[in-house]
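First to last, the protein sequences are chains A and L.
So in my numbering, the last spot in the first sequence is 86, and the numbers never skip.
So in my numbering, the last spot in the second sequence is 469, and the numbers never skip.
Derived from the structure by calculation, the hints contain no laboratory data.
Possibly wrong hints are sitting among the right ones.
So, partial list: chain A residues that the calculated Cβ filter (under 10 Å) puts toward chain L [claimed, not checked]:
1) ARG35
2) PHE51
3) LEU54
4) ALA82
5) LEU84
Just a sample of chain L residues kept apart from chain A, beta carbon distances all over 10 Å, derived [to be verified]:
6) GLU78
7) GLY133
8) ARG144
9) GLU189
10) THR214
11) LEU233
12) ALA240
13) LEU373
14) TYR396
Label-pair ranges, simulated between beta-carbon atoms [what the hints assert, rightly or not]:
15) A:SER86 with L:ASP336: 37 to 47 Å
16) L:ASP336 with A:GLY73: 44 to 54 Å
17) L:PRO316 with A:GLN67: 22 to 32 Å
18) A:GLN67 with L:GLU78: 50 to 60 Å
19) L:PRO385 with A:ASN58: 11 to 21 Å
20) A:VAL49 with L:ASP365: 24 to 34 Å
21) A:ALA80 with L:CYS445: 47 to 57 Å
22) A:PRO40 with L:ASP452: 51 to 61 Å
23) A:PHE44 with L:ALA367: 29 to 39 Å
24) A:PRO40 with L:PRO316: 17 to 27 Å
25) L:VAL311 with A:THR34: 10 to 20 Å
26) A:VAL60 with L:ARG270: 52 to 62 Å
Note that CB positions come from ideal geometry on N, CA and C, so glycine has one too.
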Amino acid sequence: MRVRFDGEEVEVQEGQTVAGVLLAKGIRSWRTTRGGGRPRGLFCGIGVCFDCLVKVNGVPDVRACQRVVAEGDDIRTQAGAELPS
Amino acid sequence: MSRIETADVVVIGAGIIGAACAEALSASGLRVLVVDRGAPAGGTTAGGEGNVLLSDKAPGPELDLAVLSRRLWPQLIESLRAELGDEVARVEWEPKGGLVVATDQDAVGPLAILAEAQREVGVEAVEVTPDEARAMEPYLTEQVAGAVHYPGDAQLQPVLAATALLAAVRARGGEVRGGAEAHSLVFDGSGKVAGVRVGEGTIGCGAVVNACGPWAGHFSVAAGAPIEVLPRRGMVLVTAPLPQVVGRKVYAADYVAAVASSDVDLQVSAVVESTATGTVLIGSSRQRVGFDEALQVEVLRRLARSAVKLFPVLAGVPVMRTYGGFRPYTPDHLPVIGEDPRFPGLWHASGHEGAGIGLAPATGRLLADLMCGRESEVDPSRFKVDRPAVIAEVRT
Numbered sequence: 002m003r004v005r006f007d008g009e010e011v012e013v014q015e016g017q018t019v020a021g022v023l024l025a026k027g028i029r030s031w032r033t034t035r036g037g038g039r040p041r042g043l044f045c046g047i048g049v050c051f052d053c054l055v056k057v058n059g060v061p062d063v064r065a066c067q068r069v070v071a072e073g074d075d076i077r078t079q080a081g082a083e084l085p086s
Numbered sequence: 074m075s076r077i078e079t080a081d082v083v084v085i086g087a088g089i090i091g092a093a094c095a096e097a098l099s100a101s102g103l104r105v106l107v108v109d110r111g112a113p114a115g116g117t118t119a120g121g122e123g124n125v126l127l128s129d130k131a132p133g134p135e136l137d138l139a140v141l142s143r144r145l146w147p148q149l150i151e152s153l154r155a156e157l158g159d160e161v162a163r164v165e166w167e168p169k170g171g172l173v174v175a176t177d178q179d180a181v182g183p184l185a186i187l188a189e190a191q192r193e194v195g196v197e198a199v200e201v202t203p204d205e206a207r208a209m210e211p212y213l214t215e216q217v218a219g220a221v222h223y224p225g226d227a228q229l230q231p232v233l234a235a236t237a238l239l240a241a242v243r244a245r246g247g248e249v250r251g252g253a254e255a256h257s258l259v260f261d262g263s264g265k266v267a268g269v270r271v272g273e274g275t276i277g278c279g280a281v282v283n284a285c286g287p288w289a290g291h292f293s294v295a296a297g298a299p300i301e302v303l304p305r306r307g308m309v310l311v312t313a314p315l316p317q318v319v320g321r322k323v324y325a326a327d328y329v330a331a332v333a334s335s336d337v338d339l340q341v342s343a344v345v346e347s348t349a350t351g352t353v354l355i356g357s358s359r360q361r362v363g364f365d366e367a368l369q370v371e372v373l374r375r376l377a378r379s380a381v382k383l384f385p386v387l388a389g390v391p392v393m394r395t396y397g398g399f400r401p402y403t404p405d406h407l408p409v410i411g412e413d414p415r416f417p418g419l420w421h422a423s424g425h426e427g428a429g430i431g432l433a434p435a436t437g438r439l440l441a442d443l444m445c446g447r448e449s450e451v452d453p454s455r456f457k458v459d460r461p462a463v464i465a466e467v468r469t
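Assemble the whole structure, with the sequences as input and the hints as a guide.
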């Protein structure tokens, strides 16, 4: 199964979460904070803290730790607060 | 800090209304103890949106109270800043104005009539064209039939505001005690209130203020002086923090009718606003379900649909959480502010429904004026306890 992360094609396994995919690639941060623009990635890993937000298929604020990848997903880093595109 | 054993006044309930009453009483030189069975500002005050609205009130006693309150809020915040410093007085006060939007032609006429009546009593209500409305709120739906701009509408963070008011009470020698439940009143030989039983002990005092919000009815029964204050439930949806999408307090024209309604059934009407952190709050629902806290998904669905009708962009925005609370409702939709005719020394300040944050400073001021025998700026007679809709029979 394949998805794209910031335009680059990535091979993934069925059942992986977006966070799992990104960590496996050695990527530790995939969004920036709204105020200070600081890097954020996985924190609680169980869907509670809303720290690991990422943009998937144009929808911002998706929790990477909860979202299971689907064929062809377009995953993008998120800069602060974004509107759906 | 040592606990005070007696007070001039014991205020029961540390929500925004209790806090505002306690602040006004302590400003009049009285020693005030505020007790709350839970945490201060943890009930109704924490379950709302921080509305300070003129727009949703038709001319009448509640609007009079709201107009005074709107004038008092910024003054009060400024005086808290002078007394306690910047940090305490930071309550996210935003005089952002409100925009009431009619999305169908039928709603335009009633909205214009309301605005005209409000202008006659001095409320700034500016009718704007659909194009002007969309220029003010670029993400607003294209289905605008008419709109009215209310520059006087404002917003604050209610928990911060209540906390700041309570800090002033403490700074003036009063005390705020959480986790302390008031059970009943103690009377002297002449039948006047002489104290209140709190937890295991009794606190002697000259007056008691029932500021228990939706639980004011419960306390009034325990005190032996029942009043009709009932809970009405409201829910709010919270989106993820967004870039600026909603500038003002924007709500649908049918909200005013929902506020004034006495229906038991669910009422839903869109009220949409941003907070200081970028989240968008989506209200409002009104339901009379007692103190039932069960989450009803249908209410949330209807809130979301009504908000998307005003701001279509919200359709693709994630909702982060939902919260809600119980608003203190009286059968005639007016607050109860005054002394109980049955027991001298027992005062009530409740029944503000969803408007308590906005009405708090004027309520505190009015109560303190009445208690201290001063002239009040608003006519207290419409808020008195002794009115048929509010005063309940003692059931034996």
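Hint-by-hint comparison with the structure:
1. ARG35: Holds, about 6 Å.
2. PHE51: 7 Å, holds
3. LEU54: 7 Å, holds
4. ALA82: Holds - the Cβ of ALA82 of chain A comes within 10 Å of chain L, reaching about 5 Å at its closest.
5. LEU84: 6 Å, holds
6. GLU78: 44 Å, holds
7. GLY133: 40 Å, holds
8. ARG144: It holds; ARG144 of chain L is separated from chain A by about 33 Å at its closest Cβ, greater than 10 Å.
9. GLU189: At about 37 Å from chain A, GLU189 of chain L clears the 10 Å cut-off, so the statement holds.
10. THR214: 16 Å, holds
11. LEU233: 19 Å, holds
12. ALA240: 26 Å, holds
13. LEU373: The assertion about LEU373 of chain L holds, with a minimum of 18 Å to chain A.
14. TYR396: 15 Å, holds
15. A:SER86 with L:ASP336: 37 to 47 Å: The hint (37 to 47 Å, Cβ to Cβ) holds, given that SER86 of chain A and ASP336 of chain L are roughly 40 Å apart.
16. L:ASP336 with A:GLY73: 44 to 54 Å: 48 Å, holds
17. L:PRO316 with A:GLN67: 22 to 32 Å: Roughly 23 Å apart at Cβ, these two residues keep to the hinted range, so it holds.
18. A:GLN67 with L:GLU78: 50 to 60 Å: 53 Å, holds
19. L:PRO385 with A:ASN58: 11 to 21 Å: Holds, since PRO385 of chain L and ASN58 of chain A (Cβ atoms, about 19 Å apart) stay within the stated range.
20. A:VAL49 with L:ASP365: 24 to 34 Å: At 26 Å between Cβs, range holds.
21. A:ALA80 with L:CYS445: 47 to 57 Å: 56 Å, holds
22. A:PRO40 with L:ASP452: 51 to 61 Å: 59 Å, holds
23. A:PHE44 with L:ALA367: 29 to 39 Å: Cβ of PHE44 of chain A to Cβ of ALA367 of chain L: about 31 Å, so the range 29 to 39 Å holds.
24. A:PRO40 with L:PRO316: 17 to 27 Å: 19 Å, holds
25. L:VAL311 with A:THR34: 10 to 20 Å: 18 Å, holds
26. A:VAL60 with L:ARG270: 52 to 62 Å: Check passed, 55 Å falls within 52 to 62 Å.
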